[in-house]
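Participant: Working from the sequences, and respecting the hints, build out all of it.
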Amino acid sequence: GDSVTQMEGPVTLSEEAFLTINCTYTATGYPSLFWYVQYPGEGLQLLLKATKADDKGSNKGFEATYRKETTSFHLEKGSVQVSDSAVYFCALPGSARQLTFGSGTQLTVLP
Amino acid sequence: EAGVTQSPTHLIKTRGQQATLRCSPISGHTSVYWYQQALGLGLQFLLWYDEGEERNRGNFPPRFSGRQFPNYSSELNVNALELEDSALYLCASSLAGSVWYFGPGTRLTVT
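Same order as they appear, the protein sequences are chains R and W. Mapping the first sequence onto the numbering used here, position 94 (from 1) lands on 94, and the numbers just tick up by one. Offset between the second sequence (1-based) and the numbering used here: plus 1000.
Incorrect hints may appear among the rest.
Said to hold, decoys possible - Computed spacing ranges between beta-carbons, pair by pair:
no. : chain 1 : residue 1 : chain 2 : residue 2 : range
1   : R       : Glu16     : W       : Pro1061   : 25 to 35 Å
2   : W       : Thr1009   : R       : Ala96     : 23 to 33 Å
3   : W       : Ala1080   : R       : Glu76     : 43 to 53 Å
To be clear, the hints were calculated from the coordinates, so they are not data collected in a lab. None of the values given here were measured: they were computed from a predicted structure. For each residue, glycine too, the CB sits at the ideal point set by N, CA and C.
Facilitator: Here you go:
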């Protein structure tokens, strides 16, 4: 079945460091791909999405490119801030239209 | 436009009792999804409702049930509560499985 494998955390970075969180997927066809973010004590917020191969999703300085050849959708940000501290989830819609999530990556950014 | 809303924010119950959680989707969205996020266990799909019908359920016992009303809002009922049911319950809504938007969640604590 469809699945998402996400880089294990936790990840700790200093402010202004470069961030990469790896995400690879297994799916039938070419589903849309999503990154969600969960700030402490809150629900999930859609961070960005890509709907087809070579699409680049971007939002709040975060970017991810849908790579069909490597079945990847890695999340990147050039300069992280303390306010980016959160848990990040990669996701794709499964065969029955429910989202399948990766295990989540806890990011802590230190001042 | 209002987002997905959930109530109550927090719910404290005793083992063996029943819990009822509520969700209102984004206006125009006909699908509602329920997820359980237990501490350290990631996001587990519970139920999917669309147009008033249960369309799919995850690997949870029958004491987890729910319904969707004509206005597309939804209830999640958990009967015979067990300690391991303590978790954050997240509701999401979607229009035709394009993008999933999540509510802030209900924190259920079973003592």
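Participant: Determine for every hint whether it applies to the structure shown.
Facilitator: Hint check results:
| no. | hint | result |
| --- | --- | --- |
| 1 | R/Glu16 x W/Pro1061: 25 to 35 Å | violated (48 Å) |
| 2 | W/Thr1009 x R/Ala96: 23 to 33 Å | holds (29 Å) |
| 3 | W/Ala1080 x R/Glu76: 43 to 53 Å | holds (46 Å) |
Comparing the model with each numbered hint stated earlier shows that hint 1 is the single one that does not hold.
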